[in-house]
Amino acid sequence: MSPSDFPDPETDHGAGGHSESLFAKIEAQAQEHRARDEQAGSGRNLDSILRIPVLMQVVLGSATMPVANLMKLGRGAIVPLDHRVGEPVDIVVNGRIIARGEVVVVEDDNSRFGVSLTEIVGPATADSNG
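Residue 46 in this note's numbering sits at position 46 of the sequence shown, and the numbers go up by one each step.
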């Protein structure tokens with residue numbers, strides 16, 4: 001894959017509809033790869049690869065503390081995280097940051113959280129985080 005195969009974080013700004021644009025870009029790239037595979041006769045089945053499940057996590061922040069302090073935690077304890085309120089959260093797929101976003105309440109189900117993507121992290125930035 002070349003750097004041009006990944007979304008450009010410079011042109012992907014703002015909230016709302018970003019998850020659709022990310023998926024649209026991935027689908028467009030997949031179609032390009034399928035067309036190249038068919039022309040080259042490589043026989044690779046990209047559709048099989050696109051069905052592989054990946055683990056997506058939203059990281060609100062992290063904290064480091066000695067085991068002694070960890071053992072003292074109980075119900076109602078508050079653990080301060082390294083991210084501040086209002087800062088973007090990291091969207092991590094298989095251990096790599098792929099995007100950042102804002103925590104939102106899902107419109108269809110007010111009892112669930114979601115993430116509105118605000119930034120797509122390019123491959124150069126993503127490679128430096130794990």
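Keep in mind the hints are simulated off the structure, nothing from the lab.
Cβ atoms here follow ideal geometry from the backbone N, Cα and C, with glycine treated the same way.
Check each hint, because a few of them may be wrong.
Claimed, not checked - If you anchor each label on the Cβ, the simulated ranges turn out as follows:
id, residue 1, residue 2, range
1, Gly86, Ala30, 21 to 27 Å
2, His83, Ser21, 22 to 28 Å
3, Ala28, Phe113, 25 to 31 Å
4, Pro80, Arg34, 21 to 27 Å
5, Val79, Met56, 36 to 42 Å
6, Ser111, Gln31, 33 to 39 Å
7, Glu32, Gly95, 31 to 37 Å
8, Val93, Pro66, 28 to 34 Å
Comparing the hints with the structure gives:
In this structure the supplied range 21 to 27 Å is violated for glycine 86 paired with alanine 30, their Cβ-Cβ distance being about 35 Å. For the pair histidine 83 and serine 21, the beta carbons lie near 25 Å from each other, so the given range of 22 to 28 Å is met. Taking 25 to 31 Å as the suggested C-beta distance range, the pair alanine 28 and phenylalanine 113 conforms, at roughly 29 Å. At roughly 48 Å, the beta carbons of proline 80 and arginine 34 sit outside the given window of 21 to 27 Å.
In this structure, valine 79 and methionine 56 break the distance hint of 36 to 42 Å, their C-beta atoms being roughly 23 Å apart. Hint check: serine 111 to glutamine 31, Cβ distance near 37 Å, so the stated range 33 to 39 Å holds. In this structure, glutamate 32 and glycine 95 break the distance hint of 31 to 37 Å, their C-beta atoms being roughly 26 Å apart. The hinted range of 28 to 34 Å is satisfied by valine 93 and proline 66, whose Cβ atoms lie roughly 31 Å apart.
Violated hints for the displayed structure, listed by number in ascending order: 1, 4, 5 and 7.
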